[in-house]
Amino acid sequence: MVWLSWRGLVYQLVGIVVGLAALVAWLLTADLSAVELNTLAPAALWGYTVEHLQLTLLAALIVLVVAIPVGILLTRRPLRFLTGPVLVVANFGQAAPALGVVVLLAFWLGFGFWAATVSLVLYAVLPVLRNTMVGLQQVDARLVEAGRGMGMSASAVLLKVELPLAVPVMLAGIRTALVLLVGTAALATFINGGGLGILITTGVNLKLTSVLVTGSVLVALLALLIDWVGRVVEHVARPKGI
Amino acid sequence: MLPVEVTGASILLDHVTKRFPGQLKPAVDGLTMEIPAGKIVMLVGPSGCGKTTTLKMINRLIEPSEGRIVVDGDDVTDMNGDELRRGIGYVIQAGGLFPHMTVATNIGIVPKMLGWDRARIAARVDELLELVSLDPALYRNRYPKELSGGQQQRVGVARALAADPPVLLMDEPFGAVDPITRLRLQDELLSIQEELQKTIVCVTHDFDEAVKLGDWIAIFNEGAQLVQYDTPERILGDPANEFVENFIGSGAGLKQLTLTRVAEVGLAEAVVGKPGEKAAAVLSRVTTAGHGHAVIVDDRQRPIQWLSRRQLARLDTIDSSPDPKLPVVGHRATLNDALDTMLVSSAGAALVTGRRDMFKGVIDVNTIMEAITKAQGAAAEVSADAPVGLNTGVFPSPIVAEEPGQP
Amino acid sequence: MLPVEVTGASILLDHVTKRFPGQLKPAVDGLTMEIPAGKIVMLVGPSGCGKTTTLKMINRLIEPSEGRIVVDGDDVTDMNGDELRRGIGYVIQAGGLFPHMTVATNIGIVPKMLGWDRARIAARVDELLELVSLDPALYRNRYPKELSGGQQQRVGVARALAADPPVLLMDEPFGAVDPITRLRLQDELLSIQEELQKTIVCVTHDFDEAVKLGDWIAIFNEGAQLVQYDTPERILGDPANEFVENFIGSGAGLKQLTLTRVAEVGLAEAVVGKPGEKAAAVLSRVTTAGHGHAVIVDDRQRPIQWLSRRQLARLDTIDSSPDPKLPVVGHRATLNDALDTMLVSSAGAALVTGRRDMFKGVIDVNTIMEAITKAQGAAAEVSADAPVGLNTGVFPSPIVAEEPGQP
Amino acid sequence: MLDYIGDRFDQILFSSWQHFSLVVQCLILATVIAVLVAALVYRSTAFTSVANSVSAIGLTIPSFAFIGLLIAPIGFGVAPAVIVVTFFASLPILRNAVVGLSGVAPSIVESARGIGMSRFRTLVQVELPIAWPVILNGIRVSAQMVMGIAAVAAYSLGPGLGGFIFSGLSRLGGANSLESVWTGVIGVVVLALLLDLLIVGLGRLTTPRGIRV
Amino acid sequence: GCGLQPATSYVPDVGPGSITPIDGLDGADLTVTSKNYTEQLILGKIAVIAASAAGFAVTDLSNVPGSQPARELILSGQADILWEYTGTAWLTYLGQTETISNQQEQWQAVYDIDIENGVTWGAPAPMNNTYAMAVRSEAVTELGGITSMSQLATLPVEERTFCVEAEFNSRPDGLNPMLEHYGLARGTADGVPDGNVGIYDTGAIYSATDTGACNFGEVFTTDGRIDALDLAVLEDDLGFFPAYNVAPVFFTESLKEYPQLEDIFAQISPSLTDAVLRDLNRKVDVDGQEPAEVAFEWMKSEGFISDPE
Ligand SMILES: Nc1ncnc2c1ncn2[C@@H]1O[C@H](COP(=O)(O)OP(=O)(O)OP(=O)(O)O)[C@@H](O)[C@H]1O
Ligand SMILES: Nc1ncnc2c1ncn2[C@@H]1O[C@H](COP(=O)(O)OP(=O)(O)OP(=O)(O)O)[C@@H](O)[C@H]1O
Ligand SMILES: C[N+](C)(C)CC(=O)O
Ligand SMILES: [Mg+2]
Ligand SMILES: [Mg+2]
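Just so you know, the protein sequences line up as chains A, B, C, D and E, in that order. According to the working numbering, the residues represented by the first sequence are 1 to 242, in order. According to the working numbering, the residues represented by the second sequence are 1001 to 1407, in order. According to the working numbering, the residues represented by the third sequence are 2001 to 2407, in order. According to the working numbering, the residues represented by the fourth sequence are 3001 to 3213, in order. According to the working numbering, the residues represented by the fifth sequence are 4001 to 4309, in order.
Don't read these hints as lab results, they were simulated from the structure. Please note that the accuracy of each hint is not assured.
Simulated crosslink set (SDA-like; lysine to any residue; CA at most 20 Å straight-line) [as the list claims (entries may be wrong)]:
| # | chain 1 | residue 1 | chain 2 | residue 2 |
| --- | --- | --- | --- | --- |
| 1 | A | K207 | D | A3079 |
| 2 | B | K1112 | A | L159 |
| 3 | C | K2325 | B | L1061 |
| 4 | A | K207 | A | P164 |
| 5 | C | K2112 | D | A3079 |
| 6 | B | K1112 | A | V157 |
| 7 | C | K2112 | D | V3124 |
| 8 | B | K1145 | A | T29 |
| 9 | A | K160 | B | N1246 |
| 10 | B | K1112 | A | A172 |
| 11 | C | K2145 | D | A3079 |
Quick caveat: nothing in here was measured; it's all calculated off a predicted structure.
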């Protein structure tokens, strides 16, 4: 993965900044109507962005707290027989349309932030769970054996050998999940979940192209930014030597 | 090779059986086998015959279904497995190094688990790196992927030795390295063993490796059935049955030559001359002795020329220029090396040198033939300290060999 | 081995140089080398010395930077590369078979590109499978992964031979197979070559393989510098310099033994007896002949016992039970095999059998020593038809060897 | 729920077929595009890493944002849905095609060239068939992913089951709205399963026995 | 292409009723559009069925998210027919500020301006689907027995909570001007703070209002769920909202080509009364029938069409 080197990271960050600058420049020079100016007021945009991030990050946090321990448990000996079936379910679960999950959750939990958060959690939990399990599974069995062979206990092998070696795959899953979350959070607007999605629906409903473009581009840039942060973390947290 | 202090422990597998769930036949079937302290025992046999299973039952990575395992007199069958393993070195293919830890961390991991302090661990790591011929300053902080396959293997051995365990288990330790590095690693293991005198149990696929490294070789057939458990000499010279013969493969004779060193056979005397002597004088000594050649040695007794009667007859004074094509072997060389050297020499014999390259005598084809015959005779006799090894027989107590296990 | 019709073409590399972009030194530096038609030429040398590059320039998988390449008198340097390659067989490690095609499709691919019709391709495929000792009915429709490594290699050779090319290039063809299969494949290649007499250029890392297969061996140093280009005998017996000596490694003498077959050396006579004869009669013949042993043969002249004078003295009538440990070698065996056999025999000699296992004579260590000495004498003489090979010298025209390239 | 499905069986079937058809057609288009691009770039490490970046970055773009952006210039209906689904479908396929093509053992390519195959012939007859299982795996991943994206594409009136989710949403609180959403969600998952089976079957049929694992 | 059709597309086989196939059409194309809430879906299907009965090859591009995109489709000729509301056009599309109280005059005013835009308004229907603020009836007493919009200003700030759709949130006849009209400032601490406004999909507001996510939901007065969920509608006592009579709107060029369309839709419009629409909407939202089915049954019962042979 050549593009994972620091140079790729710089390019990505530069790309995001340039994208944002271009958006701002366009908004400043474009001939905007009163409605557009109102909707795109800096304070409002900031508010939507913060809401969007809150949704994403809270959901991500819950996902991590739930999926990683469960993923670890499911690869331990007593539950290992579940690994295969869970992976199959996880794979097909991901085919469920995010939009449908969001709307169904609204039926169940009512409208608003929490329904949105829970549906985001449901949606993102699968890739993280999956990658945690796959990451642990792909650790060379001989290394586990070597660890056991020198007298490490099962938990010591997990902490010192398996988890560190699973980190790259797990982080990749977490990054994917986070990026998915940013995109999916845009759907929260359908159930009053807040976030930048409102700009997209408003833009479409009222044919306010500037609002629509601002919303879409901001969501995309935010996704890229989160992806970038994920890559930086991956870069730093990847154990040296592998 | 004078025996140094033996730090190894003896191991006894006592009627050990391992049945894997869902497997029709046991992987190891009622194996009784004694592994003497301070020796290298090589386990060989066809794929899937139970070598690895046997090895792993010793450190209880695999729990035996039946039977008991005794290390150094203590029954370890019911001991805490993790603790047991901390006291037994374990080396697997390509070292099984942890890729996310440096060489030093890898080696220091067991001492750390045993609660050694930092300084002591660091000192031990350096000591071990020296032992396996890696410069600590250069290699201490590298990651495994920054090492060659052979170097990784050496670190693997160093790690297994870290807490100075009396027993070392190795599962095809040199399987993944190229043949040249493999030879070097084998030599290194032998020299380490000469120094440390551990008990080493080593699985290999390679019969030549078993011959080279093993004090004793156990040849397994399916179900860890012990077909022959004997010295390399006896296995080569007196294979128990056709299975073993097939396993040895062709070239048993030449293989046997590698087991004996030149120093161990009787050498022929030779007429010795010095540069500056009159050739005629030397020739007369040669004639008197009834020999065909005279060896010319320099003032430090190193052979420089090997002159036939004809050459002596043509010379006046013997000069001091060394002959670059002189067929010389050291006394630590194997008979195989000696035979090779004499084949290319026109004399059909070779000069043997001892310490500091001093001339010791002459070895010829007949000496080698005799040595082989003698070795074959010796192989026919069973060594008195042969360890016990059987699959079904009753194991005599106390735990010492009374009768050879082989018919 | 009478020479059959030579179907190979001669190859000439004429001052060929290859410079890779971004590389300081040329990979191949001004190499001139003649490859005689119908012979096997082995390219050996340390890793990265330019063997593969040289080979690939012959079929223009790598375009030479300078110089020209002449195949069978035609300059191919400016020919269409794809067409050229269709006329040159090419075999690489593990055969380079296409995993998604059956054995038949793999073999038939070049004929198909050449526009042969279906029936002709099918017939050719079967013919080639027979040639490489694979039953067409059994193997035709298998996929490469359903073959063992050695079988894959054979299919690779068959594919290279498909369009009956006069030249075969092989890049470490046996590098990926186990030693035993490797020996078998080498023998097969030799017997195929005996029949077809192609021009074969073969890269190998393994000097023993070069000795075994090569009519000529080219030893390269960095930059495809031709250090020695000679027969195996001469390279073993008279290495050009220290580089070559190191390359040969230890055991040159034993290696030379593999070059000579038992049939090629003089055998000693033996006293022959038959079952049913009185032992005393045989003993008296032995004593008269001044021998130590008598060979007992059955009614089809196959040796069954080898009795010493002492044994004869103790016997009354000679019985017809065959001795299972009789040291017997066939007359096609190499001297190396013979030596190995006699080492394990108590007589220090071996019985040689010819066609239909009939007794031919006795070979002993002295015979072997003499044969070696003679071979070394022969190696000192340079063969008259030695091909040209140099790196910088001027190449004489017309393109025939006038003077040996080696000093 | 059963009543709901029973009453609208034809309509559900039709929408499912539309959804399936959209996904399959876009997958075919995406495969063609991705394989073409991969064939152009895989020999150069620089282009390969660009292709990999495009595929990685492209996947971070939220599908809903992308649809929104397309409505402005393209309008509603089938076209934006096709563009969005094809775009996202091509990304994993592109990545796998590059990986698959560059994963073909150099020795095999060399022996193809060595027996006189031209570059193009080598690509078509040797490299693509050998890379096919990897490419197909990319198609599988894409299929799972774009099944969901196609549902969001109903926002721009794209064909398929997304309509059930959106009309459920617009009638939320009314009768049958929950059923409508469930129909959409389950329909998509079932189609995903079905398509996955089909692709696996296609893989069996199109992968030569010699390179099946 | 390739057999793909827009989502929720529905073009049935229809037999003739009072609408009969136009001669010489030869399967000419006609595109119908509608917005994405129940009433529009039903009206859209009615247009589809009518055009289909008249012999057109209909493309059903209904369920467009939002008024503006639907309007855009008509203006650009990408769609040929849309049911539109006079008030919506007058204030939102045409940027007028003063409304006309007479419904017929309002229609005429819109017609006159829009004809210049290449869009022709057909005969208006009697029904008037205006916006309104609805309260769940349980909360009426909690909120001091509120019945009219002017009472909003008397409520404590934290009770002034609204559920609106994205469109209403930004429209010139939408939330902000409405609040202003009733003396409340949007986005101020003593008016209606932004935190008091929740934004929902059009159809989601009814259940959100009913479950108390907010006190006041923006509703359409013809929606069946007002009755079904027992919501109380506040009186627009200061007359902020204009009349929103629905009428078929044609892309003028298409209408010139098929002038018969005007007559066909002129037959339908008069039947579309508030009561009819409320009934049809209820069938969809409350009884759970499909808009297409509801439209078809109604057209048949009115005799416009018959079952296909
Ligand atoms: N965990 C296991 N579960 C079931 N069967 C096993 C297991 N491990 C090994 N076996 C079986 O036990 C037998 C012995 O296996 P073992 O690994 O000891 O062979 P080995 O002699 O080391 O072979 P190799 O030379 O191939 O490494 C084999 O038949 C193997 O299939
Ligand atoms: N495509 C290439 N580009 C640049 N340098 C190359 C290329 N191919 C080979 N070389 C260089 O040319 C030299 C000769 O390489 P070549 O492959 O001919 O060696 P070789 O003798 O076949 O070695 P080996 O025994 O390892 O196969 C080496 O230094 C190698 O690094
Ligand atoms: C019909 N309403 C005015 C309620 C909404 C509209 O203009 O679409
Ligand atoms: Mg094993
Ligand atoms: Mg090479």
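In rising order, the numbers of the hints this structure does not comply with:
Violated: hints 3, 4, 5, 8, 9, 10, 11.
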